[in-house]
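Asks: Each chain, letter by letter, is given below.
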Amino acid sequence: MIIRVQNLVRTFGTVTAVSNVTFEVRRGETFAFLGPNGAGKTTTIKMLTTVLRPTSGTLELDGLNPVTESTEVRKRFGVVFQDPSLDSELTAWENVDIHGVLYHVPRRVRRERAEALLKLFELWDRRNDLVKTFSGGMRRRLEIARGLLHTPKVLFLDEPTQGLDPQSRNQMWTIVKNLNSTEGVTVFLTTHYMDEADRVADRIAIIDHGRIVATGSSAELKQQTRADSLEGAFLKLTGTTIRDEAFSAADQMRQFARFVRR
Amino acid sequence: MGVVYILWLRELKKYLRSRVQIVASLGAPLMYLGVLGFGLGPVFRRAGEGSYLQFMAPGVIGMTVLFTAMFSGIAMLWDRQFGFLKETLVAPVPRVQIMMGRTLGGATVAVLQGALIFVATLVAGFRPVSVLAVPLAFLIIALIAVVFAALATAIGSSLKEMQGFQMVMNFFVMPLWFLSGALYPLQGLPAALAVLTRIDPLTYGVDGVRGTMLGTSHFGVALDVGVLLAVGALFVAAGAWRFSKIEV
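Chains as they are written, first to last, in this note's numbering: chain H, 1 to 262; chain R, 1 to 248.
Be aware that a few hints might be false.
Claimed, not checked - Here are the simulated BS3-like cross-link-like pairs (lysine-lysine), alpha carbons at most 30 Å apart as the crow flies:
id, chain 1, residue 1, chain 2, residue 2
1, H, Lys-119, H, Lys-75
2, H, Lys-132, H, Lys-119
3, R, Lys-160, H, Lys-236
4, H, Lys-75, R, Lys-160
Everything labelled a hint here was simulated from the structure, so no lab data went into it.
Given only the sequences and the hints, what does the whole structure look like? Please build it.
Replies: Put into structure tokens, the structure is as follows:
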């Protein structure tokens with residue numbers, strides 16, 4: 001097990017964002033947190049990635065405690081947060097290069113791996129362009145490439161495909177799944193897209209209102225609930241469907257409108 | 001060391017790429033220099049104080065350094081809102097190195113901006129006592145830059161939203177500038193104002209630049225440098241402490 005989480009709780013004032021969550025992630029697998037916005041997915045990732053302290057409970061990443069051994073833990077994961085974290089005034093190459101320095105990757109390794117990753121994510125030709133000229137899909141790919149530069153053991157992807165068109169989503173997952181099998185990097189993603197969890201994750205944890213409702217492969221979840229789709233399983237387990245589909249449709253319309261205006 | 005350097009370099013690259021911003025931020029000091037420098041010149045001369053342009057040029061340089069250095073605090077809020085800060089905060093390096101890289105970067109940019117204004121004052125007719133005085137003055141300018149870049153880091157780490165910085169500018173940066181004696185001599189001030197000017201660290205910065213460039217200072221350059229060093233150490237420590245407390 002590369003990640004163990006036991007009885008994890010995080011409260012913000014009177015609001016309980018994560019309520020007694022327990023789960024494990026196996027080495028090398030692709031693990032998905034599936035749930036609506038506000039379910040506690042991001043809060044859990046923030047605690048695993050050392051930027052937020054848990055209220056109570058225990059966390060373990062590669063046998064280390066993110067609270068007390070944060071520096072060692074940080075060397076072992078790469079993370080793509082929900083909000084972009086690139087410097088848009090710098091070039092793609094500079095963004096990746098700074099990351100390499102921050103993670104103490106030796107210069108030669110840094111250059112070689114940056115080149116390999118930028119080629120893999122189809123950004124090599126644009127490496128000397130400022131990130132502010134990049135599309136949403138390119139930025140996302142660049143963030144993932146950057147997160148992998150220091151050869152982490154775990155790659156956290158928090159809602160990595162939000163706001164991306166289907167083509168960009170497909171391309172992104174093809175590359176990530178490929179790296180998952182060639183480099184053996186464990187992928188921990190959060191999503192509220194059923195089809196995405198169904199397609200890319202080896203195991204899924206369904207999370208709602210800060211609690212994990214069920215964990216298992218897509219097939220297991222369907223079997224357990226006698227549903228014929230993951231959506232059906234989700235509905236039976238949580239008593240609700242993921243609500244913001246309409247919201248994301250509106251988002252897509254807006255993006256489309258912006259695209260046309262340009 | 002590599003971490004401090006790369007983050008310092010980042011600030012510098014961003015500065016050199018933002019030509020529009022460089023020119024825009026020279027606007028206010030140039031206006032003070034042009035309008036006040038020449039506008040109040042005759043009154044100042046009639047009062048028997050000599051050339052007002054000579055007197056206020058070090059103050060305008062100090063103003064530029066203050067504003068540019070404080071601006072690095074806004075840049076941090078920007079990074080916080082648009083993400084790059086998070087990338088540095090999850091990196092496996094001590095926070096103090098990240099803070100030092102950013103702060104020294106902000107300070108360097110402020111010194112460069114101060115150098116540009118210095119050239120502008122020369123064009124306007126400002127004349128330092130000797131060529132040798134210039135590098136000495138720039139050591140003091142560098143100290144001013146570190147003092148306020150560190151203060152900006154401390155403030156930027158403590159604020160969560162962009163709007164907060166507007167308040168800092170109006171209630172903090174503007175008073176620092178107006179109370180620094182950049183525009184008026186420190187002799188014979190009303191008691192309350194005299195006390196306030198002596199609390200303002202920029203007062204010692206401007207006085208130090210005047211002392212080196214013109215050979216006349218109110219407190220003496222040694223005291224000026226001493227105060228700047230002490231305040232600088234205090235602010236760097238405060239900045240490092242506040243920065244280490246950031247949660248995202």
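Asks: All the hints need checking, so say for each whether the structure fits it.
Replies: Tested hints:
This hinted pair checks out: Lys-119 of chain H and Lys-75 of chain H have alpha carbons roughly 24 Å apart, not beyond 30 Å. Note on Lys-132 of chain H and Lys-119 of chain H: the hinted pairing holds, with a Cα-Cα distance of about 19 Å set against a maximum of 30 Å. Note on Lys-160 of chain R and Lys-236 of chain H: the hinted pairing is violated, with a Cα-Cα distance of about 40 Å set against a maximum of 30 Å. Between Lys-75 of chain H and Lys-160 of chain R the CA atoms are separated by roughly 27 Å; this keeps the pair inside 30 Å, and the hint holds.
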